[in-house]
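Student: Build out the structure end to end from the sequences listed, making use of the hints.
In order, the protein sequences belong to chains A and B. Mapped onto numbering that gives the first Met the number 0, the consecutive letters of the first sequence carry residue numbers 0 to 686. Mapped onto numbering that gives the first Met the number 0, the consecutive letters of the second sequence carry residue numbers 0 to 686.
Note that these hints are calculated values from the structure, not bench results. A few of these clues could be false.
Computed cross-link-like contacts, BS3-like style, restricted to lysine-lysine with a CA-CA straight-line distance of at most 27 Å [what the hints assert, rightly or not]: (1) A:K490 / A:K249; (2) A:K490 / B:K633; (3) B:K550 / B:K192; (4) B:K633 / A:K192; (5) B:K192 / A:K633; (6) B:K490 / B:K249; (7) B:K192 / B:K623; (8) B:K633 / A:K531; (9) A:K531 / B:K192; (10) B:K441 / B:K623; (11) A:K623 / A:K633; (12) B:K192 / B:K633; (13) A:K531 / A:K550; (14) B:K531 / A:K623; (15) B:K531 / A:K633.
Chain residues, written in single-letter form:
There are 2 protein chains.
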Amino acid sequence: MDLILLVPLAGIVGLIFVGILSRWVIKQDPGTPRMQEIASFIQQGANAFLRREFQTIALFIVVIAVLLLIFLEWQIAFGFVMGAVFSLLAIFIGMNVATRANVRTSSAARTSAGRALTIAFRGGSVMGLSIVSLNMLGILLLMWLFGVGPDDPEAVSLLVGFGFGASLSALFAQLGGGIFTKAADIGADLVGKVEAGIPEDDPRNPAVIADLVGDNVGDCAGRGADLFESGADNVITTMIVAASPIFFSKYGWVGVLFPLVARAIGVLATLVGVFLVRGRDEGNPTMAVNTGFLGTALTCLVLFYGVARWMMHDLGLFYAQILGLVGAIATVLVVQYYTGAHGRPVRETARYAQSGPALGILTGFSYGMESTVWAKYILGLVILLSWLMGGGGLEGIYYIAAATMGIKEMKGIIMAGDTFGPIADNSAGISQMAGLSGETRKAGDALDAVGNVTKALAKGYAMSCATMGSLVILFAYLFEIARLQGIQLTKLNDFWVNITNPANICGLFFGIATPYLFSALTLRSVNDGAFKMVEEVRRQFREIPGLMEGKATPDYARCVDITTANALRKMLAPTLISMVIPIVVGFILGPWALAAYLVGVKASSAALSKALFNTGGTLDNAKKLIEEGHFGGKGTETHAASVIGDTFGDPLKDTAGPSLHILVKLQNIMSITLLPLFIQYGLNLFQ
Amino acid sequence: MDLILLVPLAGIVGLIFVGILSRWVIKQDPGTPRMQEIASFIQQGANAFLRREFQTIALFIVVIAVLLLIFLEWQIAFGFVMGAVFSLLAIFIGMNVATRANVRTSSAARTSAGRALTIAFRGGSVMGLSIVSLNMLGILLLMWLFGVGPDDPEAVSLLVGFGFGASLSALFAQLGGGIFTKAADIGADLVGKVEAGIPEDDPRNPAVIADLVGDNVGDCAGRGADLFESGADNVITTMIVAASPIFFSKYGWVGVLFPLVARAIGVLATLVGVFLVRGRDEGNPTMAVNTGFLGTALTCLVLFYGVARWMMHDLGLFYAQILGLVGAIATVLVVQYYTGAHGRPVRETARYAQSGPALGILTGFSYGMESTVWAKYILGLVILLSWLMGGGGLEGIYYIAAATMGIKEMKGIIMAGDTFGPIADNSAGISQMAGLSGETRKAGDALDAVGNVTKALAKGYAMSCATMGSLVILFAYLFEIARLQGIQLTKLNDFWVNITNPANICGLFFGIATPYLFSALTLRSVNDGAFKMVEEVRRQFREIPGLMEGKATPDYARCVDITTANALRKMLAPTLISMVIPIVVGFILGPWALAAYLVGVKASSAALSKALFNTGGTLDNAKKLIEEGHFGGKGTETHAASVIGDTFGDPLKDTAGPSLHILVKLQNIMSITLLPLFIQYGLNLFQ
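Tutor: Here you go:
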């Protein structure tokens with residue numbers, strides 16, 4: 000039982016290292032005045048965006064908190080606010096260090112490629128550590144406040160507010176950031192690269208700062224909020240499952256604490272990994288990062304073995320965790336095959352681009368759709384096997400949760416690697432804009448390439464997390480129905496989500512359709528922003544004399560402003576829709592049909608998001624392959640075709656795809672939160 | 000009970016009119032020798048394709064029939080062969096008349112636009128009538144052969160072989176035809192229109208005949224086989240539902256005959272509609288076609304009222320049918336809004352094309368995804384309401400089947416309108432190639448425009464049919480499990496497809512993924528064919544001297560050959576995959592998980608196919624809008640961007656989208672057919 004002390008300990012140690020690493024990063028040399036000036040533009044833009052975004056979110060948080068207070072317990076409302084605040088705090092810390100690490104990475108790259116890598120990775124790990132630590136501490140704090148303990152295990156249900164708050168702010172952050180980053184990116188590319196023929200990150204391009212800001216608010220803050228919420232949701236829902244009579248009688252209170260302890264292990268293992276990543280001036284930078292990942296994974300395995308054996312007294316949970324980890328690695332490999340620069344899909348996509356953009360896009364799109372199948376099969380098998388390892392039936396569900404924990408252990412280090420991506424990307428941009436030497440830029444580009452790998456890895460990983468995690472959330476939802484309706488669960492078929500009931504079929508249909516609507520709205524938001532950006536950049540080129548010759552400075556701030564306004568306005572509709580639909584289904588079709596709805600959303604989102612992701616990834620790397628000199632290389636018709644393909648694929652990969660994960664989790668956790676209302680006030684016509 | 004005589008009567012009358020209309024069409028003037036020559040090229044190409052396609056199908060049919068004979072009853076094997084043969088016979092008749100009607104339509108258009116319309120529509124109605132008549136007669140013949148009657152109502156299960164055979168040949172026909180038509184179309188356009196800058200249907204383009212052949216083997220034969228199978232599946236599965244004890248005790252034998260009688264009504268109503276369509280030289284051609292549709296709908300309503308009242312003694316079934324019809328019309332309106340030439344989606348897609356192809360495609364794609372939601376909502380409501388009208392519970396299922404029948408009544412006339420499309424399209428092509436006067440071509444283009452409307456209508460309609468129809472098939476599957484396992488059904492929850500069972504979740508996951516794999520393979524097949532075609536056309540332009548100047552004839556036959564070979568080879572993999580997956584799921588995860596799989600396939604296909612369809616339709620009409628002179632009109636960058644969008648969208652709309660419908664139905668009906676084997680030999684580990 001003393002292992003539980005690990006939890007606050009790991010959280011506090013994690014936060015201490017957030018402080019240490021931040022100070023270490025900030026102490027590094029920020030480079031020439033020109034570099035500092037560019038970096039401050041990015042910082043200001045990113046902070047301005049985050050401030051305005053937080054204001055919008057705050058408004059929603061307040062309104063919803065009041066409603067929760069009126070209709071549900073005060074703990075739910077309180078937890079909701081805290082979930083949102085902790086989530087925003089974590090990404091605020093993480094992004095602020097990231098926007099300082101970028102220029103310091105550039106500066107270090109002038110003398111030592113190895114040091115540049117270390118700075119970028121440590122900068123990224125601030126995000127990773129602050130997310131996992133704050134996540135854990137927040138939940139712990141609430142447990143203490145609400146008096147959740149072994150005497151009343153089912154009181155863990157009061158924690159769902161924290162997950163709901165984290166989910167809502169994550170959806171806003173990912174949507175807002177995702178719309179911002181791609182609108183800026185496409186806008187910058189369409190006029191800069193295609194029309195004006197100037198290179199990427201050229202200081203003459205008015206949209207270039209907006210583009211660099213986008214890396215931070217989208218890839219960095221957006222993904223951070225995503226992982227914060229998936230962590231919170233996963234811990235809380237696993238606790239709900241563990242607190243249900245069937246598992247509480249088997250494992251007792253340690254079963255409920257298990258997910259928290261597992262998370263604490265993750266924090267410690269992440270620390271080990273972070274300090275293993277040390278760049279060397281000679282040697283492969285990918286290797287340095289991989290050492291960190293490997294170190295974390297091994298530390299996790301060893302500690303998890305101990306927990307399964309001496310705390311849970313059930314070694315099977317350890318094997319389930321290994322299974323989850325293997326499944327996660329397998330899905331990452333699938334992503335790498337389909338979007339990797341030298342696999343068949345990317346090569347074929349580049350080859351077909353020789354017949355014009357349409358066939359290229361079709362090829363990329365078809366491989367993206369195909370990739371979804373293998374990921375589904377792998378995760379389907381992980382679910383099935385872990386369930387069987389747990390003896391099947393109702394009892395096997397705890398093993399599915401354990402497998403999910405296995406996947407989630409790596410969250411901190413993966414997020415560090417993911418944030419490393421935009422830092423390296425920004426750093427390359429700053430070097431280019433500040434006109435640093437070719438040598439420095441080459442070192443920066445090498446880092447950027449590593450960043451692309453870690454970003455792709457993070458996406459594959461996030462997919463597995465989301466699919467498995469949302470399954471656990473679903474079970475938590477079902478256990479909650481049972482608890483609230485006083486149903487004695489003894490076997491799996493005591494859950495009445497019969498898919499042959501037309502009300503449930505309806506729920507499933509609606510659920511499967513929702514991700515399509517959501518993606519459609521998201522993509523059009525990017526389109527709108529990009530269109531406005533194109534017009535603004537064209538205007539500046541036209542109206543500011545001497546801009547093309549490099550004699551005048553473009554109005555960077557205006558581009559940032561336009562994109563910010565668009566992103567913040569356009570993130571509202573998808574968010575509202577994703578909140579309204581489950582509420583309508585819950586009240587009219589009832590809680591069981593809502594379960595079918597949630598299954599539909601989950602399954603459809605998982606499939607669609609993978610297809611969108613990998614279509615974007617394949618098209619992106621097909622372009623890069625051509626730029627490396629294959630199929631004619633840069634400047635050919637084939638290259639132009641691949642650029643069109645990449646522009647099409649970018650918002651699929653960076654806006655629509657990632658937002659779908661959060662959609663699923665938000666709808667799930669919100670449904671659990673509001674479940675008492677559906678049961679009490681719902682029409683319940685159809686069961 | 001005497002109403003049952005309607006069935007053979009309507010079938011025979013239908014076939015007699017197939018003969019009369021065919022003779023009438025063939026007696027029309029086939030035009031100048033040049034026109035006849037072109038038409039004979041098309042005819043030869045289409046027939047050669049069909050012959051080779053039939054050979055491939057025959058091989059499969061024989062092998063599978065032998066397997067069925069070994070493992071199941073002889074009736075299943077016999078019905079299987081008959082289903083395949085009748086389906087191929089119907090599309091053979093229909094396509095042969097269509098490839099004669101095209102040139103006669105061109106010829107008539109020289110003097111009378113009205114007469115041209117009448118010829119084209121009557122040519123199309125041969126397909127519509129031969130499908131519905133042969134369908135009905137085939138089933139009737141088998142019932143008589145197998146001795147299915149009131150004494151042993153559950154023997155209707157022996158009819159599933161017919162549906163399986165029809166489904167398999169439909170999948171081949173739709174896939175082969177769909178791959179052929181789009182590969183030829185894209186190939187012809189990419190080199191002809193884009194590279195060489197010659198107009199559409201120019202006789203100098205070596206791929207032009209292949210393109211015109213494609214209209215026949217894809218739009219005409221492919222869609223025909225689709226509707227033949229969906230008719231067969233629907234009648235048979237509704238009969239299985241009606242023969243289950245719960246409904247047999249309520250409605251008796253007439254309940255089993257009900258779907259056949261409804262189909263007979265459809266045949267008679269189609270005849271009424273066909274003869275109402277009379278083109279006038281002045282006046283709106285769309286109006287003439289609409290008169291036919293309206294006539295059919297009204298006739299159906301009146302007769303259906305009679306059947307519900309005096310045969311079934313349950314007027315509620317009539318209201319359910321009206322509900323189904325309203326639902327079908329609503330989904331067609333959704334399609335028209337999203338893909339209609341002057342709605343907001345098409346206009347916006349064209350507007351964004353001003354910023355290049357990527358944003359245009361993104362816009363079209365996003366509207367396509369959005370459209371799927373409304374169709375799902377509408378059909379979800381139809382299911383829910385018709386079920387409630389029938390009193391909910393298990394009994395409400397018969398009403399869902401009645402609503403589905405309501406939708407399906409219009410099949411014949413819709414198919415006539417759909418086949419009218421490629422005839423008009425072909426006719427316009429022939430007029431262009433034969434160098435007919437501008438006046439004639441204008442009349443032809445007007446017909447072509449009407450054809451585009453009827454084709455779009457047929458697609459929206461086919462979607463509703465497929466979604467609703469596959470739901471009935473699902474229930475038939477479940478009733479079959481109950482029958483084979485001796486389960487007494489008294490309430491809906493006696494079906495154990497609990498979606499919280501991980502084995503069922505797995506099945507659902509796999510089901511949701513399958514359409515992605517299938518679409519991916521299909522799209523790449525088109526890509527391959529188009530790529531080969533592009534190379535061949537480039538080669539002919541390069542190697543045949545005087546071709547561009549119009550002094551030499553291109554080698555049309557070689558283009559047809561290349562596309563035929565590609566289509567026939569590429570239709571195999573998707574077909575095999577779609578047969579293997581449910582068999583594996585059925586044997587390993589068991590029949591209930593297979594039900595979850597089928598629900599997943601159905602729901603996912605319905606969503607994905609609508610998205611693919613409407614994306615293609617929106618992009619197509621955005622191009623047309625620009626060609627009408629909006630946003631700069633022909634020859635601008637915007638137009639070029641929209642052409643790229645159209646090329647991307649075409650295979651989504653005409654190959655991947657429509658094949659998905661058949662995938663769903665084939666997997667469903669095959670699962671019913673093989674169900675006894677799954678129950679007997681399956682592992683059954685997981686329930």
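Student: Run every hint past the structure and note whether it holds.
Tutor: Here is how each hint holds up against the structure:
no., hint, verdict
1, A:K490 / A:K249, "holds (15 Å)"
2, A:K490 / B:K633, "violated (66 Å)"
3, B:K550 / B:K192, "holds (19 Å)"
4, B:K633 / A:K192, "holds (26 Å)"
5, B:K192 / A:K633, "holds (26 Å)"
6, B:K490 / B:K249, "holds (15 Å)"
7, B:K192 / B:K623, "holds (15 Å)"
8, B:K633 / A:K531, "holds (25 Å)"
9, A:K531 / B:K192, "violated (32 Å)"
10, B:K441 / B:K623, "holds (16 Å)"
11, A:K623 / A:K633, "holds (9 Å)"
12, B:K192 / B:K633, "holds (12 Å)"
13, A:K531 / A:K550, "holds (25 Å)"
14, B:K531 / A:K623, "holds (25 Å)"
15, B:K531 / A:K633, "holds (25 Å)"
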